[in-house]
Every structure is written in C-alpha cells, then in structure tokens.
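Residue strings, one per chain:
2 protein chains.
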Amino acid sequence: MDIKKPYLLFLGDAHDQLAAKVAIGIKQWHPEYCVGQYRMADCHADCGLPDLDIPAERAAGAQTLVIGVANRGGIISQQWIAILREALESGMDLAAGLHNKLADVPELRELAAKLGRSLFDVRHPTETYPVANGRKRSGKRLLPVGTDCSCGKMYTALAIEKEILASGVKATFRATGQTGILISGAGVSIDAVVSDFIAGAVEVLAPANDADHWDVIEGQGSLFHPSFAGVTTGIIHGAQPDALVLCHEPTRKTMRGVDYPIPDLAACMALNLSMARLTNPDARFVGISVNTSALDEDAALSLLATIEAEFGLPAVDPVRHGVGRIVEALASL
Amino acid sequence: MDIKKPYLLFLGDAHDQLAAKVAIGIKQWHPEYCVGQYRMADCHADCGLPDLDIPAERAAGAQTLVIGVANRGGIISQQWIAILREALESGMDLAAGLHNKLADVPELRELAAKLGRSLFDVRHPTETYPVANGRKRSGKRLLPVGTDCSCGKMYTALAIEKEILASGVKATFRATGQTGILISGAGVSIDAVVSDFIAGAVEVLAPANDADHWDVIEGQGSLFHPSFAGVTTGIIHGAQPDALVLCHEPTRKTMRGVDYPIPDLAACMALNLSMARLTNPDARFVGISVNTSALDEDAALSLLATIEAEFGLPAVDPVRHGVGRIVEALASL
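The listed protein sequences correspond, in order, to chains P and H. Counting along the first sequence from 1, when you hit position 230 you're at 230 in full-length UniProt numbering, and nothing is skipped either side. Counting along the second sequence from 1, when you hit position 244 you're at 244 in full-length UniProt numbering, and nothing is skipped either side.
Since the hints were made in silico from the structure, they are not lab data. Please note that a few of the clues may not be correct.
[Stated by the list, open to error] Using 30 Å as the maximum straight-line C-alpha spacing, the simulated DSBU-like pairs for lysine-lysine come out as follows: (1) K136/H - K253/P; (2) K136/H - K162/H; (3) K170/H - K4/H; (4) K253/H - K136/P; (5) K162/H - K5/H; (6) K5/H - K101/H; (7) K114/P - K5/P; (8) K170/P - K21/P; (9) K101/H - K101/P.
[As the list claims (entries may be wrong)] Some chain H residues well away from chain P (every beta-carbon gap over 12 Å; in silico): (10) R58; (11) Q78; (12) A166; (13) S189; (14) M255; (15) L265; (16) S293; (17) D296; (18) L301; (19) S302.
We put the beta carbon where it would ideally sit given N, CA and C, even for glycine.
Please take these sequences and the hints and turn them into a complete structure.
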C-alpha cells in the first residue's frame, strides 16, 4: 500500500475539528504532503490549508484525494460522491480509512476502473502475509505499548520518528492503523489482518534494515485490554523491539469501551517486557510517554517527576515537552 | 456452522493413516456420527468403518460427506471431484477443512447451488463476530493451553469433555480449529478470524450457559510461539477460563516450525495464568496433560510423577491413563 503524494485533504461535511482528526493529523505530521483542503458548505473543521476546488488542487499537483473525515459508522456519505467522482475524473486517486470501502461503492469502483485510478481502502489489507518466522532481523526497532487503547501510541511513535530524524539518524515510522497509514502514506492495518498472520504482517512491515536504522512501529491496543490483547501480542512479537516506550493516560479510570481497570504501570511494563523478550531477549523500556492533556502544567510536571523517580526512565508528555529525552536514551542501544 | 450428521468419511487417495487423521479423529471421538467410509482404489488408510459406495451411504442415512484426508498444500484433488459430485447429487452436503475451499471449485459450487446443498469450508469462517466485551458469563469454562502448538490440546479437550459427560455433568467441546470442527460438527476456526475479533469470536463460541455446565474450549498455539501467540492470547481472554490445563510434549527440543526453545513449564504456567486472570481473576490450573508417546511406560510414569510433585497438580497422559484425575479436580470449582 503506497499512496501517491501530495494529497488533497477532503474534510467533507465534518461537524467539528474532532471529526476531521485524520486530516488534521496528516497536516500536523506531514504538511509537505498537503497542497490544500476541500470543505463542503456545511463543514465546521479547518486544517489551515488553502481551500481549493478540484481543478485548482489538481493544478497545484495533488495526486490523491484523502478522505480525512470520519462520520458515524465510518460510512461513505452520499453527499461526497459527486466530489469524489470529480477528483477521479481530474486524475487523482482516492484514499480512505473508513469501515465502508470506496471499492464497494459501484459508481466509484467503475469510474476508477475505467480511468485507471487507484482506490486505497487502508483499513482493509489487500495483501496476504506469511506466518511469522521469529528470526532476528538487522536494524533497530522501537515500539510504543500502552496501558490502554487510544492513549497516545501513534502520536508518540510519530514524535519519536521526527526527533530521531532531526538528530541525523535514519528512522521510519511504520503504521499499523488507518490513521497512521494515511499520515505516512504506507503501512498495514493490523487489526484487519487474519489472526494467524498478525506477527507475520509486522515482520513484513518492518523488515531487515541498516544496522543504524530505527523502525518506529505504531503500537495497537494493550495487553490488558480484553478485546484487543491478541493484536497487541502479535505486534510485540513481530516487532522484535529493542526499545519499548510505555504510553499512558493518567486520568482514565477504565479501559476504553469495557468495564476493566487501567493496569498499574509496573505490572504493565513487566508483562510487556516478558512478551517482548520472547522474540528479542534484549528488549528494554527506554521511556514513558504520558498524555497529561487533562492536567494543568504543575500537576503534569509533578506526575511526570513521580513516574520518572519510580521507574528511573525519562517520563515526558510528547505534546508538552517533546520526546527528546526518550530519543537521547536510544543512543546507547 | 452446524454440519448435518451422520457423516460419510471420505478418505480419498490417502497414502497412509496420518494423511487421514481428520477422518480417524472423527471416528475415534464420535463413532456414532459415522455410517461408513469411502476409499478410492489407491487409498492406504482405514478408519475401520464399512466401505460403502455413495448410494449405499445415502441409504444408510449419511447427510454429509466429510473430506477426512489432507494432502500436500490442503488442496481439493481433481481425482475427488466426480465422487464429490455424486455425493451432492445423492442428497448429501459436503464438508472440508482444507486450505482451498470447496466453494472455490466452480463445478461443486454450481452443482450445490442448483441442488440446494451446503458446502462447509470449516477453515474459512463465514460469520462476522463482535469485538469482545469481556463481561463475565454464567457457566464454567476449561481451556487447555500449551508449551507449543500441536502438543495435544485438542485431544485433551475432547478427552475431558467425554470424561465430564461420563461423570453425569453437562459439558460441551467448543472447537477452534478445523479438525475439532469436523469432529464435533460445529465451531469457529479462530486462526482465520480477523484479528480484532479473536476474543469476541470465542465469547460467541462459548456463550453464557447453565451454572453447572462446562464448556471445554479447544486451545490453539502457545503464548511462547512467536508466530501464533496473538491467537492464543485472544482465545485465553475470550474463554474467561475457570480452569486451565497445561499441555506438553516432553521430548520436543524446539517450537514447531521455528528455532525457539520450548518454555519451562513453570514460566509457561505463570504467563498463561497472568493472561487468564485479566478476564477471570479466579482462573487456576487444574492439571497437566503430557503427551508421553515418545517415552516407554517407565519413563512416562517417572516423568509424570516428577511433574506432579513439582506443581502439586494431577499430571497425566490422556492417551495412556485418561483424564479422570483432572476431571475429579473440577468438582471443587
């Protein structure tokens, strides 16, 4: 899955900024991929990009219209079809990370086939993957793991990739979910892979590389989440991580979507380490990434200091303070 | 997936008994499901059932022809097609657990559609499953887990189901792999389910039940297998096991298919227990099932005594000594 850049970000009829979080993520992490945004009359989101119509986007070089808005149920709105058709006709491919597939909309599928355009439904893997072999690969790998789902693993990974690159070291973010795939333009939606091939898909996603190259693999789920820990386990084994980063949201009381408690940090680190050491006996934690957005600055600093003292590892909020201190810790690996 | 019984076991051109192990397993565990076997001229396997042709099978009541032979690559042999067609025409459904699907053979698919027969490709789930909710269900559940793949989990589960039933207690074997599905006539091939739904599929497979009913769920893989531990994790969480049984093959040096060591029994039990207690805090091991087929009787008894002394749990070879002592331990749960 390799999506042509640059992108036109389609915000459609997003009713607020949150509904356009995919588009906002792409703009935040890769503004250089984006030539403009397309907003319908009733759109209430804004990525801060030029508002261009399809001919102007195409003239500005856009290769792919990316649907950067999520609506309830992840469906492709009937309201969008005319614009998506116009984009195909102008020469663009289409990409989306919705539950429903672009390729399942007959008029888009037929028009794309007729014109020779590609439809990227990034949530739905089209490749088949091998069973994992567990063999050691060259290169270094970092994996964020979490106390819960949706607690900052993708953000942490993207921030670490950016910081490693800024330090002059080779690094590649490896997306395992639809938003990460649209942000980076490549990856595998691991939770949609057949379960026998979870670890195998990650081995393909983060293959052997230069000895001084870091793959920064997007983590998914949590070993303590009763719905998704199988996905998490397979990603950990396939990643063979040299470095783990624990991601945590400190104000959450229960796991996302279920009535289960958030695990204790020490227990969470111990279980993740035990799992990771199966395929990489040298795996270790190099830092803790805490989403302190629900705390004020004093409370955040105090919490980070407490965590840092307890575990003897850099504890940072990647949004407030960056991940520089975690990336410094990689130099010794 | 609910396959109509009784069965005609199709042994095809099996070149030895091992190639017909699915048919042999069905005959062993459920002889009452089987009215006969069909062997081609060059078949070298034998289930010890009457050799009947299709009209005689049908006359004896066979509802489904089950392909009980595996050939290299799991394909449907061109040599079999005429017989499979004859079975469809006589009024039977077809069932198989091969990699290749009956439904992907155009002449079988079209004939079945025309005649209103069902084709069961048990390795390929056709249902969709929900994300697991992790909520406690009524009824009791037992799950065999393993130091490795293919070390006796299905056999142990079937033996335990049979022993519980023989003691007058309600029990149901819940198949999670193709052989178990064909043996029991129902189940979900979990390793073929999309990874987001592993635990959810097991919640559906082993739903709430009477408080004194045991679901005996077939385990898969091993938490220590670098290719398949994600599947194992999801099954453990979805099963919410009250009782775990550790399955082990003591002469194996490396994990099946990969160059990884077999884990230490104590470490394996600790990690499985830690995983199981997420969704059932009362989970405990009730026994150890050891495949001693590669040892002589004295060596087997000596090994079982050593394991039993170390862990304080019944350690049995289910083939040599039965699982009665493990089932006795369930009475207190």
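Hints, verified against the model:
1. K136/H - K253/P: Measuring from Cα to Cα gives roughly 19 Å; hence the hint holds.
2. K136/H - K162/H: 26 Å, holds
3. K170/H - K4/H: 22 Å, holds
4. K253/H - K136/P: 19 Å, holds
5. K162/H - K5/H: 19 Å, holds
6. K5/H - K101/H: The given pair, whose Cα atoms are some 21 Å apart, holds under the 30 Å limit.
7. K114/P - K5/P: Roughly 22 Å separates the two Cα atoms, so the pair holds.
8. K170/P - K21/P: Cα-Cα ~28 Å, so holds.
9. K101/H - K101/P: At roughly 25 Å apart (the allowed maximum being 30 Å), K101/P and K101/H satisfy the hint.
10. R58: 36 Å, holds
11. Q78: Its Cβ never comes within 12 Å of chain P, the nearest being 24 Å, so this holds.
12. A166: 33 Å, holds
13. S189: 10 Å, violated
14. M255: 8 Å, violated
15. L265: L265/H clear of chain P: closest Cβ-Cβ about 16 Å, beyond 12 Å.
16. S293: 26 Å, holds
17. D296: 33 Å, holds
18. L301: 32 Å, holds
19. S302: Non-interface label stands for S302/H: nearest chain P Cβ at 30 Å, farther than 12 Å.
Checked against the numbered hints given earlier, the structure breaks hints 13 and 14 and satisfies all the rest.
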